[in-house]
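I would like the entire structure built from these sequences, with the hints used as guidance.
1 is the number of the first residue of the sequence shown in my numbering; add one for each residue after it.
Simulated from the structure, these hints should not be mistaken for laboratory data.
Certain hints may be false.
[Said to hold, decoys possible] Quick list of the computed label-pair ranges, beta carbon to beta carbon:
no., residue 1, residue 2, range
1, Val56, Glu86, 15 to 25 Å
2, Glu75, Thr40, 41 to 51 Å
3, His91, Asp68, 44 to 54 Å
4, Thr64, Asp97, 33 to 43 Å
5, Val51, Asp97, 44 to 54 Å
All values reported here derive from a predicted model rather than from experimental measurement.
Even for Gly, the Cβ is constructed at its ideal location relative to N, Cα and C.
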Amino acid sequence: KDATSQLIGRFCTEAETATRAVYGPGRLGRYGAELVVPRTVRNECAVLKAVADRYVMQRAEQETLRADQRIVIAELAAALTARAPEGLEPHFRALFDQAPD
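Have a look at this one:
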């Protein structure tokens, strides 16, 4: 857990430093800048994602868990569809009514 916190902190600090180098020390309001992520940080993240995929996500028990989760999501979607639009909350009902399909 500590290693994860340290990595995230370092990645964020490096991205902030790189962004500030491009846009300066002023306020970075909405749409006022693009986040700059150094290539080294992007590469480190890619390696960490690959390691996590290989040693965490591809374990047999993870595949079983994901299969179970897919079933739950499919059942939930079927139940919501069967009750729509009456069974939907008002803000979701409006979106449902606007959907072309």
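| query | Per the hint of 41 to 51 Å, is the separation of the Cβ atoms of Glu75 and Thr40 within bounds? | reply | Holds: the Cβ-Cβ distance is about 44 Å, inside 41 to 51 Å.
| Lying within 44 to 54 Å: is that true of the beta-carbon distance His91 to Asp68? | violated (30 Å)
| Has the hinted range 44 to 54 Å been met by the Cβ atoms of Val51 and Asp97? | Given about 45 Å between the Cβ atoms, the range holds.
| request: Please test the hint of 33 to 43 Å on the beta carbon pair from Thr64 and Asp97. | output: Holds, since Thr64 and Asp97 (Cβ atoms, about 38 Å apart) stay within the stated range.
| message | Given the hint of 15 to 25 Å, is the C-beta distance from Val56 to Glu86 inside that range or not? | response | 41 Å Cβ-Cβ, so the 15 to 25 Å window is violated.
Figure legend: structure checked against the earlier numbered hints; hints not met, in rising order: 1, 3.
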